[in-house]
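Protein chains in written order, with this note's numbering: chain A, 1 to 133; chain B, 1 to 133.
Read the hints as simulated data drawn from the structure, not as lab findings.
Glycine included, C-beta positions come from ideal geometry on N, C-alpha and C.
Any given hint might turn out to be false.
Subject to a maximum C-alpha distance of 20 Å in a straight line, what follows is the list of computed EDC-like cross-link-like pairs (lysine to aspartate or glutamate) [stated by the list, open to error]:
| hint | chain 1 | residue 1 | chain 2 | residue 2 |
| --- | --- | --- | --- | --- |
| 1 | A | Lys5 | A | Glu23 |
| 2 | B | Lys70 | A | Asp26 |
| 3 | A | Lys30 | A | Glu40 |
| 4 | A | Lys93 | B | Glu104 |
| 5 | B | Lys73 | A | Glu25 |
| 6 | B | Lys38 | A | Glu54 |
| 7 | A | Lys38 | B | Glu23 |
| 8 | B | Lys15 | B | Asp26 |
Chain B regions said to be covered by chain A (calculated; three or more residues, Cβ under 8 Å) [what the hints assert, rightly or not]:
| hint | segment |
| --- | --- |
| 9 | 8 to 21 |
| 10 | 79 to 92 |
| 11 | 109 to 120 |
| 12 | 125 to 131 |
Far from chain B, by Cβ distances over 12 Å, these chain A residues were calculated [what the hints assert, rightly or not]:
| hint | residue |
| --- | --- |
| 13 | Asn6 |
| 14 | Glu25 |
| 15 | Lys85 |
There are 2 protein chains.
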Amino acid sequence: MASSKNFTEVLIGGKVFTLSGFESEDYLQKVSSYLNHKIEECSNSEGYRKQNAETRSILLALNIADDYFKARKQGGTLETDIETKDKEMYDLKHELISAQIKLENAEKTMDKLKEENKELQMRIVKLETQLKG
Amino acid sequence: MASSKNFTEVLIGGKVFTLSGFESEDYLQKVSSYLNHKIEECSNSEGYRKQNAETRSILLALNIADDYFKARKQGGTLETDIETKDKEMYDLKHELISAQIKLENAEKTMDKLKEENKELQMRIVKLETQLKG
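Same shape as in the complex, but just chain A:
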């Protein structure tokens, strides 16, 4: 996040910081807004307020890191969901191909039976004509 290119002014904990980086201003404002929300959240706890600045800084960092790990865990759950869906989809495709092959064979058999049927009917007409004659 610390590089060149863009310079964005953000307000964090009531102080202005100039951030430089490749990230868009929108993104940096979003991250700063989240950070302000976390600072406020922490400040609501007496256990946080009574600590010195250094400990507060670590507690804030731990709190954000906790969000990060929870987001990663959520990502992991989604990855497991994707794996399950991929397996299900593989089975469905397999089942579909198998049904399509069976259908193709059934249609061939049907055509053959229709043809046979036609020939048998012609044979009957012929035999009936012979009987009449």
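With chain A's structure known, arrange chain B on it following the hints.
Positioned in the frame of chain A, the structure of chain B alone reads:
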């Protein structure tokens, strides 16, 4: 993360902190280890080192928040993947049901044609017998 139940000692930035919470010791050690890694990563940059403690604290928090937003974005991408797969799966199920119905109808038609053929063959045998008689 700050509640009662467990008390875990962690080492962050060379200092011991006692964290209390419902999270497991394993989890808190993992988060602390990540935090130490982030502190080390930031400290490698001169731009970070030359700042005062307060600014360093904000920069560290921003850096972790950046990881959090990237993990969330990754989660969002996975959610989009899941939506696409769900749609694909819905279409596949629909196609499979349609193929199965067609197959069922083809099998019924096949049985009917076989039955008809049998009857026609019997009629032929009868007619041939009549012709011979």
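Item checked: Earlier hints that do not hold, by number -> The structure conflicts with hint 15 only, although it agrees with all the remaining ones.
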